[in-house]
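Start from the sequences, fold in the hints, and give me the full structure.
Note that the protein sequences, when read in sequence, are chains A and B. Counted from 1, the first sequence has number 445 at position 445 by full-length UniProt numbering; the numbering is strictly sequential. Counted from 1, the second sequence has number 315 at position 315 by full-length UniProt numbering; the numbering is strictly sequential.
Same chains, same names: a pair is fine if it fits in one copy or spans any two.
Cut-off 16 Å, straight-line C-alpha distance, at most; resulting in silico cross-link-like pairs (EDC-like, lysine to aspartate or glutamate): (1) Lys670 x Asp536; (2) Lys93 x Glu117; (3) Lys290 x Glu341; (4) Lys561 x Asp615; (5) Lys568 x Asp671; (6) Lys301 x Asp728; (7) Lys561 x Glu504.
Bear in mind the hints are in silico, worked out from the structure with no lab data behind them.
Protein chains: 2
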Amino acid sequence: MAKIETETRGNLRLIFLLLSVLLLVLFTWLNLSYPYMPSNKAEILDSAASSQWCVSTNRLLKNPTRRPQRNHNHSSDTPLHPLDPLTIQEFNKVRRVVASHALFKSKPYVLHSVGLEEPDKSLVLRWKYGDLMLPRRASVVARVDGRSYVLTVDLDSGRVTRQEMVSSSGYPSMTIEDMNTAMSAPMNCPGFNRTIMDRRVDPADLVCLPVSSGWYGKSEEKRRLIKVQCYSTKDTSNFYMRPIEGLTVLVDMDTHQVVEIVDQGRNIPIPKADNTEYRYSAGDVHREMKIVNPISLEQPKGPSFTVENGHTIRWANWEFHLKPDARAGVIISRAMVRDPESGEMRSVLYKGMTSELFVPYMDPTDAWYFKTYMDAGEYGFGSQAMPLDPLNDCPRNAYYMDGVFAAADGSPYVQSNMVCVYESYAGDIGWRHEESPITGMPIREARPKVTLVVRMAASVGNYDYIVDWEFQADGLIRIKVGLSGILMVKGTRYTNTNQVPGAEDLYGTLLSENVIGVIHDHFVTFYLDMDVDGSDNSFVKVNLQRQQTSPGESPRRSYLKAVRNVAKTEKDAQIKLKLYSPSEFHMINPNKMTRVGNPVGYKVVPAGTAASLLDLEDPPQKRAAFTNNQIWVTPYNQSEEWAGGLFVYQSQGEDTLATWSQRNRPIENKDIVLWYTLGFHHVPCQEDFPIMPTVSSSFDLKPVNFFEINPILRMPPTGEDDLPVCKDAASV
Amino acid sequence: MAKIETETRGNLRLIFLLLSVLLLVLFTWLNLSYPYMPSNKAEILDSAASSQWCVSTNRLLKNPTRRPQRNHNHSSDTPLHPLDPLTIQEFNKVRRVVASHALFKSKPYVLHSVGLEEPDKSLVLRWKYGDLMLPRRASVVARVDGRSYVLTVDLDSGRVTRQEMVSSSGYPSMTIEDMNTAMSAPMNCPGFNRTIMDRRVDPADLVCLPVSSGWYGKSEEKRRLIKVQCYSTKDTSNFYMRPIEGLTVLVDMDTHQVVEIVDQGRNIPIPKADNTEYRYSAGDVHREMKIVNPISLEQPKGPSFTVENGHTIRWANWEFHLKPDARAGVIISRAMVRDPESGEMRSVLYKGMTSELFVPYMDPTDAWYFKTYMDAGEYGFGSQAMPLDPLNDCPRNAYYMDGVFAAADGSPYVQSNMVCVYESYAGDIGWRHEESPITGMPIREARPKVTLVVRMAASVGNYDYIVDWEFQADGLIRIKVGLSGILMVKGTRYTNTNQVPGAEDLYGTLLSENVIGVIHDHFVTFYLDMDVDGSDNSFVKVNLQRQQTSPGESPRRSYLKAVRNVAKTEKDAQIKLKLYSPSEFHMINPNKMTRVGNPVGYKVVPAGTAASLLDLEDPPQKRAAFTNNQIWVTPYNQSEEWAGGLFVYQSQGEDTLATWSQRNRPIENKDIVLWYTLGFHHVPCQEDFPIMPTVSSSFDLKPVNFFEINPILRMPPTGEDDLPVCKDAASV
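Structure follows, in structure tokens:
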């Protein structure tokens, strides 16, 4: 191992002088860019005037071919539903309450998260529009004096009503300042700068990224550490493809000190910029590929959904509450579907969200082993969800919703267009039947399939995660994760596979000269507090098993039989899927039957079933033990929402879904929560270079004897009169 | 077992008189309806004037809200590509050649199939538009004198150039006359009529269906048998929900005789018609559910694809040949994709089609055990594909293609609008990346995902199979099967589950009073003659396996490693998928490398992985042994296209993919064929009553190091100017 101590060696004064100037410029520029580092303490942070997000917005607005975005001023928002997120006024109140609290008065502190503390479920279930608003509370995670605290701020009284010091192994999610600190810390370090010079990178071309370092034993404990790796932006905006391989800087996020610099990549060239650019504006127009005529989803009578009071969505037979969340990204609450027979709204899902991600890379070497991301708890899946690009991220008929989050000092800022909602029609068929002529019945009936999509896209560094909640009129909810964005690649000396002694030792695929796409997995774990026609539900495993017939019973030797097993306790519901011993997984309400006596239910229909194959005792797998099974069911517990634990950063795995479930609590006919993990194995291929075509997987929540009959039986077919008359914009 | 002999007992003369009149009416009506039973021998069968299909067409045309269909007159069609299907003139020539052939001159014969005999692959590969047309040949399957023959008719010389008597256990696909014969045979049988009276069914309300009887041992051998089961159409068009349970009539299709009548259902009521109707025209308008505003896929500049010479489709970077087929449904040939760097068209798939289906029901009792359908080889997946319903089966921007098939006497008829082709846009994202503000780069790039869909829908009796071939500009082909239509249900005495002693013994789910939805599986096996950049390919299993690290090697204990195994012979490529020992399955061209040395390839990405769990020695599983694995690879052999054998009806399983593959031929660096089976387990639920919301599964053929870089990198984003200006039709 080639370690460079952080002390100065040699005389490089001139270079330092130049670097200092550059760094000064860089710092000024960075600091001006961030809303969470405001110099003034305005009540409302005008992100549209000062933030990096705003730069993107302006770029868009300058482009006359794009539709300008609805720019809602959130300063006068008031909460209208008990689950509505904190408003700007509420964030500011929390900020003031915290600032004057004894704990924080005299010491510098950082707020790692500020968000709504949802009222008790029982209160929310009883509440309806028109009732008095339930008391509003905020949950605050703060660090002061090297300690982490969880506080409850009562917004009505303006008091801190709960204050708890947290002694678990992990730390709260990083703030953007943490990331910023990490990125800039190496620049103060002569050893680092010398290495950069050695690698012939102009510091002006340098971009460094904060890489959560996981937890790998004692040496890394009791300090909030992060690893920083750097790239060259020379000749490309796609710096991810130009890694300064092998250079890893360990930084203490609390002291802002560089702890260690390791450079093992000095004989690895930085890959060339050729073919890496993906921006349209930078493209070579002669090679442009305009191969498909424009196509658009058009709704002549307008969309069929409404957004009431900012967060309640009503569409077709569905109603649900939708809010952006800094950690989960998007939270769907109180999803209810109308019964076509009785007309009543029936409960399906009390709360659904992305709970945690786990993204282990499959390279055990020094600069890579620690890359085992848990994006929601470490980076914030919502705070990394950038504004969606109208017409390209979502179709023309989309509605956009902003997120309002708090910076590290508590100041609110607006994440504009973070979520979109639209009706989708891909030309698919809801149901159909055509009668064979042999019956003599001239029947041809078909219904188009139209759905409602709620979308967000989180850009957690290089990767882009597209999360869709798709509601179907037949009662099905499809939860889909799309992976796009840019690979995390590794530099190598090889320019052709014929130079590689053992191809398996690449830990991935040679994508281009000197670029390896490293094998990795993605696991996205969803929290699904199902309330099927009420809170008390049971989990039933319906095993499909082969039954041999008795001699003489039948000309058949075998058939499949469905055997129902009701889970009594949590261990009965720790499910590893089996291909050759398949089951259906029902969440039923044992207290409510259909007319002919089937318990009403929803089933989770697994897909994206890739499982984590790491050693159970491997540190990253212990922290991500929630991926040990694809399905879990736990009793409802307000404190058990984040599958990797509340404090995931550098956690040691003592507070995960796996540990809670180990208690083996009763789950039959109780308020229970379903957890499902979507998994992907990703062996990169050249098509993923320099930016990846989206790969998606989804799982379904599907009604199973929930309705008496097909709930879309009575939908009318589409006729020509229903459709719009359209013209090419240029011809109008 | 209560068996009623086919002789007359008792005196029921009056009833017989009445029945005879009814039967006469029924027969006349049925015979008038079918194009394949023409009384005149016109050169072109005008199906638009005489067929049942035509009734449907007329019904549509009468409805002013639907767009009238393009009604192409096929009588002057000429073949322009060696793979073009037989034209009407060619069908007529075949009919004349066969009629004057020695074998058929003096005896009644039936043509079970007439279709193009594709020229040698090597010739087709060399052929291009502008070249002389290759010699045209037809392949004919005929039965005469109780024997089956396969003939080749040379269309240029007008001679039969091959004539082969087939001695395998199976029989050719049924003709529509076979089905018709089967349906009407019981009506001549007093025992049957008495039973119908006993069950209180008015013969005027009776509909019977021909159910392929499978093969279950000696008693059913050496006769072409079929089982007939009947339903009541009283008060509903959805007679499938009103089974006359337990009544099974065994019919000899060659002698037209009833062999046996079994009635074990006399104490089972016929379920009521309540809630079974699904036709819009019959609906109760007050309960209509108009919950979604119209939505349409609009293309202001028109579609981006062209149909050249009737069958060659060009879209975006794709080109392929498309034809309807009476057995396979749809055949995709010579699919090629343009390389964005070189501009050349590169071969991906020489031929792809649905090869066979296997649909075993999971009820071993007398009236159900034999229901183990093989829809393509028994019924004809294409000949059961009815006209698509514009705006409901396919969106407004769809193009429709007709099928031209031959009736049992060789007369051609047109299956109009059997296939549709359209561009789809669901609002999804082709690729995206947004730069985190921490890098200071204001980047937000996204591209909408537009695809091309080729669709057909086969209504094989009750079930509707929707088969989509979806082409993506990123090189991916998605093959999707949607299941809709109507369940095959079983009558029962039970009206509530609380009356059922052991719920597992229902063999299904109580869906409504007296109606059980029986558990069943669907397997759809695809033939995929991949030619990745040429015909000689290899199959590579890339195993993702856990690698433990050595002590001291890494803070990590484990990681996943990709280990490549090239299949040498067929047995290496008999793949049972494994959840916890996952693999990628590549079809590579070992003779062609990318710039950095990866073999160019495509991978099959499995999904819909339900496996058949029947006993391997169970007669239906022996016949459908091609479902013993999800993936197989065989050397190309023109005679190995139908996974269940050429003659599937009553086959004993001696000529399936499994037997061919057993030969264990070499497959490395050879012209090879990939087989993939999509599987579904279906435990019915009440939502499937009375007609099923579509359930879909799909698998992908995905480029893997086929392109040097992401092939859609240079696609432009959509701007507002690209989109149409639309108005509500009513406002124009």
